[in-house]
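There are 2 protein chains.
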Amino acid sequence: MDLKAYIRDVPGFPIEGVIFRDITPLLRSPAAFTHALDALEAYCRPKQPDVIVAIEARGYILAAPLALRLGAAFVPARKPGKLPWKTIREEYQLEYGVAALEMHEDAIAPGQRVVIVDDVIATGGTLNATRRLVERLGGTVVGMACLVELTFLNGRSALEGAELFSVLTY
Amino acid sequence: MDLKAYIRDVPGFPIEGVIFRDITPLLRSPAAFTHALDALEAYCRPKQPDVIVAIEARGYILAAPLALRLGAAFVPARKPGKLPWKTIREEYQLEYGVAALEMHEDAIAPGQRVVIVDDVIATGGTLNATRRLVERLGGTVVGMACLVELTFLNGRSALEGAELFSVLTY
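Protein sequences appear in the order of chains X and V.
So for the first sequence, our numbering puts the first residue at 1476; every next one is plus one.
So for the second sequence, our numbering puts the first residue at 1476; every next one is plus one.
Hints in this document: simulated from the structure, not taken from any laboratory.
One or more of the hints may lead you astray.
Identical copies carry no separate label here, and so any pair may be met within one copy or between two of them.
Unchecked claim - Calculated lysine to aspartate or glutamate pairs in the EDC-like style (CA-CA distance at most 16 Å, straight line):
| # | residue 1 | residue 2 |
| --- | --- | --- |
| 1 | K1557 | D1484 |
| 2 | K1554 | E1491 |
| 3 | K1554 | E1566 |
| 4 | K1557 | E1531 |
From just these sequences and the hints, can you work out the full model?
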């Protein structure tokens, strides 16, 4: 199945000069969505994760069905102020300024095996911040996975040796 | 299975006097998460939806695995500026001010049967705005479903006769 046929190129979003890879046509096709999940599951299952950590917001769309297939816990990494209970926070650089992600303190138990999931890897900043959150809680990141990798942004090299699986590369 | 045992009460979030119903413990339990999805699927399947519309962000967590179980399209209703292609927008009232949701113009084909999914129904404003988006695109809302209904906020009465299923009520 040619999954790239289900990715829509949108030139000029969010800013001039960028081609945005829109995954909504893929999500509208149950066959294509299932096919993408099959690939993510095939990567994740041998790693025997206890937890799938999902990065807000589009990471949820892939990570929720993936966690259920694997019988793993679903844990969200959220934007600041969204999680109601006790949280820890990690910041990461944007092109202009700083952003942050938070996780609940009880989201991961020490020693649990964790795969981190997002829809797109660009510069790798959010994946790295999420990895730091997981490690602060005592979890072991056994893998990272995404649907789309924008290779020209070199996000993979920013992951400091962590393993990354991507279903599609551009 | 007592799903309420997996909902954490957080008093004083997001503001003093409110008890927030935190669903993250439920999402961490594959058995509880599966049980909640079973209930949502049992409601949705007889309605034969073509599309599950998911409200950003926590609605995605329930709607993605639900859409895959049903063989339906997954369509997100997103906060303004997030969707890259041509969009339509509907506004809704907050306690102070106005918020909005957007959908892609091609997200739903005329005549398609749609179930709208979110995690929590409070005042019903986001569900109503999403219903207007679906109807502007020619879709037919055959149901609405959520995990948690806060009955004291009377969101159900704001839905103007649309059917609502909730797994848990408070």
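Of the numbered hints stated earlier in the document, which are not met by this structure? 2
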